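**Student:** Chains as they are written, first to last, in my numbering: chain A, 1 to 288; chain B, 1001 to 1350.
In case anyone wonders, no lab produced these hints; they're calculated from the structure. Treat each hint with caution, since some may be false.
A short list of chain B residues far from chain A (calculated; beta carbon distances all over 12 Å) [to be verified]:
{"id": "1", "residue": "Gly1030"}
{"id": "2", "residue": "Ala1133"}
{"id": "3", "residue": "Glu1134"}
{"id": "4", "residue": "Cys1153"}
{"id": "5", "residue": "Leu1160"}
{"id": "6", "residue": "Ala1177"}
{"id": "7", "residue": "Leu1228"}
{"id": "8", "residue": "Arg1241"}
{"id": "9", "residue": "Ala1250"}
{"id": "10", "residue": "Ala1309"}
{"id": "11", "residue": "Arg1329"}
Examples of chain A residues lying across from chain B (beta carbon under 7 Å, computed) [as the list claims (entries may be wrong)]:
{"id": "12", "residue": "Arg108"}
{"id": "13", "residue": "Leu112"}
{"id": "14", "residue": "Pro113"}
{"id": "15", "residue": "Leu119"}
{"id": "16", "residue": "His120"}
{"id": "17", "residue": "Leu124"}
{"id": "18", "residue": "Pro127"}
{"id": "19", "residue": "Asp129"}
{"id": "20", "residue": "Ala212"}
{"id": "21", "residue": "Ala213"}
{"id": "22", "residue": "Ser215"}
{"id": "23", "residue": "Arg230"}
{"id": "24", "residue": "Leu254"}
{"id": "25", "residue": "Ala266"}
{"id": "26", "residue": "Ser270"}
It should be emphasised that the depicted structure is a prediction, and the values quoted were computed from it without experimental measurement. Even glycine gets a Cβ: it sits at the ideal position worked out from N, Cα and C.
Each chain is listed here by its residues.
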Amino acid sequence: MSAVLALAATPTTARRAIGLLSVVGLGTEVVSWHRAFAATDPQPTAVLATSPDVLDELPDVPTAVWVDDREGLRRALAHDAEVAISTSPDLVDHGAIPVPRWGVEVARWPVLPPVARALHRRQLGLPEDLVVAVDHPVATDDIVTVLALAAAAVVSGPLLPLALALGTPVVTGPETARRFGLQAGIEVEVASGPAAADRAARALAAYDHGAAALSRRGRRFAERHLDLGRPAELVRQRLGLVSSVAAGPPGRLLARLDELATPPDARIRSRADAALAPFTPSERMIAP
Amino acid sequence: MDVLVCATQVPFRPAGPASATEDLVGDLVGALLDAGHRAEAVLVPAAADRERLLDAALAWRLVPLDADLVIAVDFPAYFARHRRKVAWLADHHRRGADLEADAVLEPGPHPELDGSWSEDLRQVVDWDIRALAEARYRYAVSDRVADRVRRQCGLSTATLPAPPPLADRLAPRRGGAGSYVLHVARPGVDERAGLFLAGLAATRRPVPGVVACLGRSPGTLPADAERLGLGERLHLLRGVRPPALVDLFANAIAVVHTPIDADQAQVTLQAFRSGVPVVTTADSGSVVEWVTHEVTGLVTDGSARAVGAAIDRLAADPALAARLGAAGRARVADLAWDRVVGALTGVAVR
Chain A
1 MSAVLALAAT
11 PTTARRAIGL
21 LSVVGLGTEV
31 VSWHRAFAAT
41 DPQPTAVLAT
51 SPDVLDELPD
61 VPTAVWVDDR
71 EGLRRALAHD
81 AEVAISTSPD
91 LVDHGAIPVP
101 RWGVEVARWP
111 VLPPVARALH
121 RRQLGLPEDL
131 VVAVDHPVAT
141 DDIVTVLALA
151 AAAVVSGPLL
161 PLALALGTPV
171 VTGPETARRF
181 GLQAGIEVEV
191 ASGPAAADRA
201 ARALAAYDHG
211 AAALSRRGRR
221 FAERHLDLGR
231 PAELVRQRLG
241 LVSSVAAGPP
251 GRLLARLDEL
261 ATPPDARIRS
271 RADAALAPFT
281 PSERMIAP
Chain B
1001 MDVLVCATQV
1011 PFRPAGPASA
1021 TEDLVGDLVG
1031 ALLDAGHRAE
1041 AVLVPAAADR
1051 ERLLDAALAW
1061 RLVPLDADLV
1071 IAVDFPAYFA
1081 RHRRKVAWLA
1091 DHHRRGADLE
1101 ADAVLEPGPH
1111 PELDGSWSED
1121 LRQVVDWDIR
1131 ALAEARYRYA
1141 VSDRVADRVR
1151 RQCGLSTATL
1161 PAPPPLADRL
1171 APRRGGAGSY
1181 VLHVARPGVD
1191 ERAGLFLAGL
1201 AATRRPVPGV
1211 VACLGRSPGT
1221 LPADAERLGL
1231 GERLHLLRGV
1241 RPPALVDLFA
1251 NAIAVVHTPI
1261 DADQAQVTLQ
1271 AFRSGVPVVT
1281 TADSGSVVEW
1291 VTHEVTGLVT
1301 DGSARAVGAA
1311 IDRLAADPAL
1321 AARLGAAGRA
1331 RVADLAWDRV
1341 VGALTGVAVR
């Protein structure tokens, strides 16, 4: 039976938890918390609260709570919440787990370096210098595909973290770059206005070395500053939602695969599993 | 300090001389020992097929490397995990995969590209980026290899050429003109010996030619020479041992070195060391990084007629050959193992 994670939200704070919840809740049954749980309802084993305002109503289970200020952090501590989450750097110094304001689950999106994009474009008969502009608010499959294939992209909306995670060579506006803490010419190219941005993206698409460097640094920026996976893993640990971690040689092998950011469905993972299969039937290999 | 030089082993390789990378590893270990370090080579076999392409890379991640410094010279050895890892790339080939990765970045149609390889390519390049980014310093033996790392991985890489094999023994002849044009045929490397033969056949003067086969089998060269009517003008030497090259280089009018898109230019560097000019082609890769037309040799368009004309010029004008040869020798004067060792180990003592 899987763990049950309840989301306890106020109307004004629910939206900000969606991204983190989608990662924290992996492998659990996610339900919406309400006061009158029926006997047949699954009882939560942990709660993710989007505001200290809902703490009084919660059952006595491990709880993570989103806080915005020191008062919120004080209330979280007063309620013995297992973990406080915040986008405020000030609160991180006082024990809150930092969550990026605009985040993306980086591990979910395998990076596509320019050389791999070029191969895909060629196979699909797309222009070698495919440049796109994306300002959509939501990542539909079409948008993800476009960002994954582009030689360069002008990205001005909330999908910038996704574009960077995919290794897309990105051109963005100065305000967006400032908001995300991106450096011009390092992680992104910066241009003011649509015409200048288009010109910059076309120049980037035609410059192998620059596009490859920007792609690599953009992905690293997403891994270091925009990843929801790391805070989610910390929250899962504190809430007791982490099942088991492989130990011994299999654990070390998995750690090596993880440090290379190998996707779950990568062929090399299957080959590593196959290599370990004769040695891992015993439960002794898995530590609690 | 204790230094481990990590490279790929090629088991059951056909008998013959070492490959360029094997030469490099042996010479580097020797140079490190000469410099007072403790040094050993660590070799792990790697598979060439796509299915197993990353197996050895993953294996390298788990190889315990207890040393002060690790120097990785090829794929997948640079996946070695060490707090002080330096990559010095003799090549950046991912056997069976790399040519296609290169081709992707070239404009034009690419019928050889296999659609099923997209995800493999993506995974290999992403792993490459991460493993090479770990290196404290990245060097490549040629501009060509360094450029490939920049284009595919977006990682800056400095060029640090290796002295060629026999570097300390190769020297110009003591006066007089050369008496033949030389081609060195290394097994497993497409040096375009056929172009050398065709060029020799296209000369107006009966310039003698020597093909030094480092392997036992000369392949189709005898038949090709006969077909071209070279007769006694061509001397085909089989199973030449590297030390014998010292005299062969020294007494040559010129060396014809025309590999296709080579990552290293060892034969050219050996010729320069011997004070002998090189005839090459514009598509010979890193060879052209060294051979400057009319300065250290002659760069041709790759046609037999042009190669023949270049041989004619140098055979007819010993002063020109001597001038270009001297310029070549000056060009490689700075290539020394102590400089290479200093660059590679400097990171560990800073």
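**Student:** Which of the listed hints are not met by the structure?
**Tutor:** Of the numbered hints given earlier, those the structure breaks are 2, 3, 4, 12, 17, 18, 19, 23, 24, 26, listed in rising order.
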